[in-house]
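Trainee: Sequence lines, in order, name chains A and B. Note that the working numbering has the first sequence beginning at 80, numbered continuously upward. Note that the working numbering has the second sequence beginning at 26, numbered continuously upward.
To be clear, the hints were calculated from the coordinates, so they are not data collected in a lab. Any given hint might turn out to be false.
[Stated by the list, open to error] Partial chain A-side listing against chain B, Cβ under 10 angstroms, derived: (1) THR81; (2) SER370; (3) ARG427.
By construction, the Cβ of each residue, glycine as well, lies at the ideal position given by its N, Cα and C atoms.
Below, each chain spelled out in residue letters.
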Amino acid sequence: MTWRRLVWRNLFRHPLRAIFTTLAVALAIFLVCAVLTLPAALATILERSASNVRISVHHKAGLTYWLPFAYVARVRNIPGVAGVNHFSWFGGIYDEPKNLFPNFAIDPDTVDDVWPDYGIPAETLARFRAVRNGCLVGNATMERFGWRIGQEITLRGTIFPVNLTFRIVGVIPPGVGNPYVLWFHRKYLEEAMEERGGFGNVGMIWIRAERPEDVDRIMASVDALFRNSEAEVASETEKAFIGSFFGSMQAMIRVILAVGFLCVGAVVLIAANTSAMGIRERVPEIAIMKSLGFPRRAILLALVAESTTQALLGGLLGAGGAWGILGALAAAGKTGASAFLGPLGSFRMSPEIAGQGVLIALAVGLVAGFVPAWNGARLPVVEALRKLF
Amino acid sequence: MIEVRDVSRLYRRGVDVVHALEHVTLRIPDGRFVALMGPSGSGKSTLLNLLAGLDRPDSGEVIVAGQPLSGLDDEALAAWRARHVGLIFQFYNLIPVLTAVENVELPLLLTALRRPERRRRAEIALAAVGLAHRPHHRPQQLSGGEQQRVAIARAIVTDPDLIVADEPTGDLDAKSAVEILELLRELNRAFGKSIVMVTHDPRGERFVHDVIRLDKGVLVNGTRATAAP
Numbered sequence: 080m081t082w083r084r085l086v087w088r089n090l091f092r093h094p095l096r097a098i099f100t101t102l103a104v105a106l107a108i109f110l111v112c113a114v115l116t117l118p119a120a121l122a123t124i125l126e127r128s129a130s131n132v133r134i135s136v137h138h139k140a141g142l143t144y145w146l147p148f149a150y151v152a153r154v155r156n157i158p159g160v161a162g163v164n165h166f167s168w169f170g171g172i173y174d175e176p177k178n179l180f181p182n183f184a185i186d187p188d189t190v191d192d193v194w195p196d197y198g199i200p201a202e203t204l205a206r207f208r209a210v211r212n213g214c215l216v217g218n219a220t221m222e223r224f225g226w227r228i229g230q231e232i233t234l235r236g237t238i239f240p241v242n243l244t245f246r247i248v249g250v251i252p253p254g255v256g257n258p259y260v261l262w263f264h265r266k267y268l269e270e271a272m273e274e275r276g277g278f279g280n281v282g283m284i285w286i287r288a289e290r291p292e293d294v295d296r297i298m299a300s301v302d303a304l305f306r307n308s309e310a311e312v313a314s315e316t317e318k319a320f321i322g323s324f325f326g327s328m329q330a331m332i333r334v335i336l337a338v339g340f341l342c343v344g345a346v347v348l349i350a351a352n353t354s355a356m357g358i359r360e361r362v363p364e365i366a367i368m369k370s371l372g373f374p375r376r377a378i379l380l381a382l383v384a385e386s387t388t389q390a391l392l393g394g395l396l397g398a399g400g401a402w403g404i405l406g407a408l409a410a411a412g413k414t415g416a417s418a419f420l421g422p423l424g425s426f427r428m429s430p431e432i433a434g435q436g437v438l439i440a441l442a443v444g445l446v447a448g449f450v451p452a453w454n455g456a457r458l459p460v461v462e463a464l465r466k467l468f
Numbered sequence: 026m027i028e029v030r031d032v033s034r035l036y037r038r039g040v041d042v043v044h045a046l047e048h049v050t051l052r053i054p055d056g057r058f059v060a061l062m063g064p065s066g067s068g069k070s071t072l073l074n075l076l077a078g079l080d081r082p083d084s085g086e087v088i089v090a091g092q093p094l095s096g097l098d099d100e101a102l103a104a105w106r107a108r109h110v111g112l113i114f115q116f117y118n119l120i121p122v123l124t125a126v127e128n129v130e131l132p133l134l135l136t137a138l139r140r141p142e143r144r145r146r147a148e149i150a151l152a153a154v155g156l157a158h159r160p161h162h163r164p165q166q167l168s169g170g171e172q173q174r175v176a177i178a179r180a181i182v183t184d185p186d187l188i189v190a191d192e193p194t195g196d197l198d199a200k201s202a203v204e205i206l207e208l209l210r211e212l213n214r215a216f217g218k219s220i221v222m223v224t225h226d227p228r229g230e231r232f233v234h235d236v237i238r239l240d241k242g243v244l245v246n247g248t249r250a251t252a253a254p
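Go ahead and model the full structure; you've got the sequences and the hints to work with.
Mentor: As structure tokens, then:
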């Protein structure tokens, strides 16, 4: 007989109750770990999908305003610019309105100048340039609609009054590039729009700087170039551009964090109630132990040890489970399953977060067990014995 | 020697005051097996609790083996109980999640003994009460008489100066009750332990040296009792 065995035996005196309470703590800690991983996951997504040498140039009034197409040629002449391309949001839907996804008219000749990090094979780019209605599609969208290379698809225009039929000539590889996007020839859109008044604008210009140290100067030059024009521009790095989207998610993340911690609060109450119930049931035994000479402190420590051991088990289970599951998702994200997993594949739990989860569980055990244990340990021995008889 | 000097104990129940013990004085020499007898509410269990250091008198003094108990605070009193008193209850009150030998070993957790030595002493105590063959049974796997034997083993395992037993045969059939009384007498004879036992059982008188009778909180008379003047 040891103190450890005494605590362990008491902990599992009602095995089902002990298991359910432990699982409740484990689930809460799993959620907390997953939620705490969220900011790091967003940073990973940003790191993976954005470049510091790519600059986005859009209308100063907002992304929904067009810029004159002539701007593209003018920024190309700024010193330090390695490549220029552009996006024009087509807003096409596939079959049904719910099948909306990002599809842009771009310049097929300068894809590799601006997005060399996407790793699109040279033969794919050559095919893209050669086929007038050719398009490149991100792997997630390919999988979403079950498309295959060589297939013809028709997108119904929602911004432009035309429907366009494309031949899929290649896939944007998973990993770095945008897995949801569809790129097609700008000239194809221009031709379709000829009979409807033509199309001489562009939604956004992408510039790749030769060196990171050129970026600030180029952005200042671009902004200055179109200052006081009818369409003033705002330029920012791709990282800042995508980061601003994530920034708008901060409030949502705060809500998710709050919900996660409310879950922990609920579990504390459940565990405290279970602990109090268990101690109330054992007042006679506590009385016997006190009558045998067990001091108040020893009884308090034994009772608190039960609740903290249980919480620790739950914490290890929850943090370990989160570690395993998020690790497996991250590993799967590096394989072909990335499109299916989406952002889930970017969740990577650090050892610090696992440690925080276990510490939170320990705190839950202490908070939940202390008050009932204190009351149990303080019970006068004769009064406790009276409850016995 | 156990000395009770002019001890009174009263309880308040709402506005009523109940005099559980009034000016009780007695002496019990070492090595005696004493029965406290009397009707319900006579103050037997109150006196037993005072002797065991489980409760404190409102006035008077209890001295056990030369130690005035009023001079000890709660923690010191608990430590004193652990060293000097073995307790036996009517309903055995074993810890249900522990085996027989673990229940006996429980009080030894408060000592500095190492684990193997604790286990060895618990097994000896269990053998002394005739349960060497059932060390790993849980309380619910034992009969009432066997459970009370385990409780007695738990009471003697720390080698206390005084064993107090509150109605140790109250929940047992006649055969088991006699066996338990014989066992207590044997422990008293073999080890010279002082035993104070509260009982309603008239058979108990045959096994003890002295009977101290109480009624309505006062000492009335005793058979071979050593009630002090």
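Trainee: Could you run down the list of hints and mark each one as holding or not?
Mentor: Hints, verified against the model:
no. : hint   : result
1   : THR81  : holds (6 angstroms)
2   : SER370 : holds (5 angstroms)
3   : ARG427 : violated (42 angstroms)
Going through the hint list in order, the structure does not satisfy hint 3, though it satisfies all others.
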